[in-house]
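Student: Residues per chain, in single letters:
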Amino acid sequence: DSGVTQTPKHLITATGQRVTLRCSPRSGDLSVYWYQQSLDQGLQFLIQYYNGEERAKGNILERFSAQQFPDLHSELNLSSLELGDSALYFCASSVAGTFQETQYFGPGTRLLVL
Amino acid sequence: GENVEQHPSTLSVQEGDSAVIKCTYSDSASNYFPWYKQELGKGPQLIIDIRSNVGEKKDQRIAVTLNKTAKHFSLHITETQPEDSAVYFCAASTGGSYIPTFGRGTSLIVHP
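Heads up: the sequence lines are chains A and B, in that order. Counting in our numbering, the final residue of the first sequence is number 114, and the numbers go up one at a time with none missing. Counting in our numbering, the final residue of the second sequence is number 112, and the numbers go up one at a time with none missing.
Among these hints, one or two may not hold up.
Simulated crosslink set (EDC-like; lysine to aspartate or glutamate; CA at most 16 Å straight-line) [said to hold, decoys possible]:
| id | chain 1 | residue 1 | chain 2 | residue 2 |
| --- | --- | --- | --- | --- |
| 1 | B | Lys42 | A | Asp1 |
| 2 | B | Lys37 | B | Glu2 |
| 3 | B | Lys68 | B | Glu2 |
| 4 | B | Lys37 | A | Asp1 |
| 5 | B | Lys37 | B | Asp84 |
| 6 | B | Lys22 | B | Asp49 |
Hints listed in this document are in silico derivations from the structure and should not be mistaken for laboratory results. Since this is a predicted model, take the numbers as computed values, not measurements.
Model the full structure from these sequences, guided by the hints.
Tutor: Laid out in structure tokens, this is it:
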């Protein structure tokens, strides 16, 4: 158990809908990272937050957005969903918010868009 | 941008054998190379990493080697055990943000 929690574990929705994925980092970690893992694209970094502020942006679509709240939990919002958005979405956390330190990954949210 | 190629996509070995997974990268400025293990139903877990100023790093049965000139790095697992069965990902990162680019993964199967 990494100490990172993600909810929900599974999510099934329809095209055009909007969903919110939630992540709680390990106690003491200030940074949260979001990743997408799909058969087509493999594992890709989406976005990073550190202590409430966006720190780095990767291959995140404009239809996707994220935020980190004062209690450090984070939410990833996916809107106007398409079939290709079906994937595993992982959240990871770390202490100092650099990519060269150990990131602890949560168990993921499996999203299926029908 | 960075491109990371990982081979093989599947590797099947007998318990006790060694396993080697290889990755190549395209950006000569890349300077941080982590390896992750992902077990079924779980998120990736960092198992070892290497920086560009080091040629080799070992941690018990796991080692990583880096050849900057050839732009490739490899993961070596000795005395494999069934619990080593998982998908392994390499990554390369560069620049001030060090955002990683991942390989496509290698499914390692260790037969008892």
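Student: Hint by hint, say whether it matches the structure.
Tutor: Here is how each hint holds up against the structure:
At most 16 Å may separate the alpha-carbon atoms for a hinted pair to count; Lys42/B and Asp1/A meet this at roughly 9 Å. At most 16 Å may separate the alpha-carbon atoms for a hinted pair to count; Lys37/B and Glu2/B exceed this at roughly 21 Å. This hinted pair checks out: Lys68/B and Glu2/B have alpha carbons roughly 15 Å apart, not beyond 16 Å. Restraint check for Lys37/B and Asp1/A: the C-alpha separation of about 14 Å stays at or below 16 Å, so the hint holds.
A hinted pair counts as satisfied when its Cα atoms are at most 16 Å apart, and Lys37/B with Asp84/B qualifies at roughly 9 Å. A C-alpha spacing of about 14 Å is found between Lys22/B and Asp49/B, which places the hinted pair at or below 16 Å, so the restraint holds.
Consistency note: the structure conflicts with earlier hint 2 alone.
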